[in-house]
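Could you put the whole structure together from the sequences, leaning on the hints where they help?
So the protein lines, in turn, are chains A and B.
Under this note's numbering, the residues of the first sequence are numbered 232 to 641, in order.
Under this note's numbering, the residues of the second sequence are numbered 232 to 641, in order.
Careful, some of the hints might be misleading.
Put simply, identical chains are the same to the list, so a pair is met inside one copy or across any two.
[What the hints assert, rightly or not] Below, in silico cross-link-like pairs of lysine to aspartate or glutamate (EDC-like), each with a Cα-Cα straight-line distance of 16 angstroms or less:
1) K501 to D237
2) K241 to E348
3) K241 to D504
4) K582 to E466
5) K637 to D331
6) K638 to E599
By construction, these hints were calculated from the structure, which means they are not laboratory data.
Just so it is clear, the structure is predicted and the values come from calculations on it, not from any experiment.
Protein chains: 2
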Amino acid sequence: MATINDNYLKLPGSYLFAEIGRRVAAYKEAHPQADIIRLGIGDVTQPLPPACIEAMHKAVDELAKAETFRGYGPEQGYSFLTEAILKNNYEPYGLHFGTDEIFVSDGSKSDCGNIQEIFGLTDKVAITDPVYPVYLDTNVMAGRTGELQEDGHFEGVTYLPCTAENNFAPELPQEHVDMIYLCCPNNPTGTTLSHAELKKWVDYAKKEDAVILFDAAYAAYITEDDVPRTIYEIEGATEVAIEFRSFSKTAGFTGTRCGYTIIPKGVTGKAADGSRVDFNRLWNRRHTTKFNGTAYIVQRGAAAIYTEEGKAQVKETIAYYMENARLIREGLKAAGIEAYGGINAPYIWLKTPNNMPSWDFFDKLLTEVNIVGTPGAGFGPCGEGYFRLTAFGGRENTLRAVERIKKMKI
Amino acid sequence: MATINDNYLKLPGSYLFAEIGRRVAAYKEAHPQADIIRLGIGDVTQPLPPACIEAMHKAVDELAKAETFRGYGPEQGYSFLTEAILKNNYEPYGLHFGTDEIFVSDGSKSDCGNIQEIFGLTDKVAITDPVYPVYLDTNVMAGRTGELQEDGHFEGVTYLPCTAENNFAPELPQEHVDMIYLCCPNNPTGTTLSHAELKKWVDYAKKEDAVILFDAAYAAYITEDDVPRTIYEIEGATEVAIEFRSFSKTAGFTGTRCGYTIIPKGVTGKAADGSRVDFNRLWNRRHTTKFNGTAYIVQRGAAAIYTEEGKAQVKETIAYYMENARLIREGLKAAGIEAYGGINAPYIWLKTPNNMPSWDFFDKLLTEVNIVGTPGAGFGPCGEGYFRLTAFGGRENTLRAVERIKKMKI
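Below, the structure is given as structure tokens:
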């Protein structure tokens, strides 16, 4: 008889943002007049850059004529896009990757979720705590973990606590691990790792023959000099790191879907027969077998952010969101709430007043001042007592949200 | 140390179409003047329906303004699309699914490849032979098979031969199987199963507590009355079948990327504790965890094929390709080559002259008459001695290809 993948039953009821959606919908149904401001899910609100709009209109028109029609493209992405990415995001740092070391996809969530498939099932996974839930959930689904424990941790996973106490910089694990998920700038905390801190991790990975899965979806928001824009700025990283990047937050592509993954050919893992195998080759096999390329229209839109106009437009929108971040950060401070992040990332990570549990604070914000945020506990046990607000709202809503929080009884 | 997923090493060198691409590129480099006609990969050549173009322009414009901007959508697809699909593709057959039983994706290749993740790793897989390579390759990657044998079969997989001898209708397996991949209209043979033949499979699945993974990507090409347009026309199928559908061949979306999967809530599998679990629930968890929805623009384009104009335009393009199919089928016949399919599908499956091996015939066609087709052996051992041509070329190229084949020495 057909059986199910029992690992799925280890996962708690629902994906974090689905649960938030459920609670907001229930509140809205009970209070249809409520003027809800959403600073929860990290979703952008500003329109796409005009350069992307123009490029996509042009691409749509190409699909309207047989002479310029595009069917299946290369699964790994069109060279007009991969070359633009490498030239703009890596070459300025003296980093030269081949176009066969980059894989365009329909978004970083897919890549971060699927990457674990090319690793052995007995590999030990390390994740920061709190962290974007996809890394952990996909490893649970694959069977790389044991059961969920009472303390909220999955058996067999190495959690790396990131709290105000250690300034959100995880310490190297005591035990050996094989796959290390790092997210920098971090989702949800909005904090970053310096060159020196990141170098510790690259050195650890080299020493332990581990691979770093580096999610840099928010790289475009980095403002401080000492924060690497890519992990490959760190010496030796091309031997031990896979990097994920996204157009979602960079250029408003959350509903347009485009991301990419860099897998340098020097990153290898051990096969059962003791030989070393390029992860690049395995990912290429996966990508060409289970994926059929990102929509041509979308790739044209993505490439447009590397034109002169595109660059200026992207910069402007990011500055807009980062001004929101400043307003939230300072507003929280004025309200007597401790807050972190928001300097190199569009996320503000606040300490809940009086150590209130995260989901209680979620309900309090939703019901008392009609603001939707994200409970820190949803990102891992060490997120308990924290709460995430995003700077992706419109300016007016952000200002109104800050005013409401300031007036809230805490 | 980090290890690799060793199952990948069981797979032969490259994905079928990558190998074809490699050979064609090599030939083209050696013969830059060659006038190559591609009837190999099943890729469309006609432009998108004007209704889709119009809808996508409108959607692009919506993304240009904050008031109409769309960020993350529901991972399962917007209701404007799911409702249109259900209303047009299922309700006319008296089939009523909930919008929570349909999942929109970036294409059927992804869904067909990923679906196996929600099944147990010890489930026995049956596939027709020959067949679209994705079903088998993704099960090899997951570890649901043994090694590749000398006869071209993977250990532990039940192959269901489909050849001219059995009129391309697979026989029920002697042994028990849990997951049955059926593709109807079939890729690559272009043949179909009648109501009665399909009913045998549904009855088998019910009896054996198996699940049918039914790929109906070519459903829009069916012309004969006795061929079901959806497996759910068969009584009992909503308890045992998952159906995959695509806009790729229906409306020219190979480079635009949209498909969907129907998982009725009655389709269940056994958990380790003996309970029954809905596959729908597991797929929903997978879809929301590893995927972030299909691009809004693309979904708007897809929905437009269900408008009155869209329907007429789609019908016209399909008729155009099916006329190509007729020309190829009859041309082959005139050339003394046996051919199948091409009545309910845009594929023609020919018997190679003098039982020539498929890859030899590929090279012969490529080098002698500059036509690219697909070697039958690339779809499985029973495809050896067969060859696939597609009707997706332009009319002129199709006519020229037929003339070239007629003049070829066989």
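The hints, checked one at a time:
{"no.": "1", "hint": "K501 to D237", "verdict": "between (27 angstroms within a copy, 9 angstroms between copies)"}
{"no.": "2", "hint": "K241 to E348", "verdict": "between (18 angstroms within a copy, 15 angstroms between copies)"}
{"no.": "3", "hint": "K241 to D504", "verdict": "between (32 angstroms within a copy, 13 angstroms between copies)"}
{"no.": "4", "hint": "K582 to E466", "verdict": "neither (35 angstroms within a copy, 57 angstroms between copies)"}
{"no.": "5", "hint": "K637 to D331", "verdict": "neither (51 angstroms within a copy, 40 angstroms between copies)"}
{"no.": "6", "hint": "K638 to E599", "verdict": "within (10 angstroms within a copy, 81 angstroms between copies)"}
Checked against the numbered hints above, the structure violates hints 4 and 5; every other hint is satisfied.
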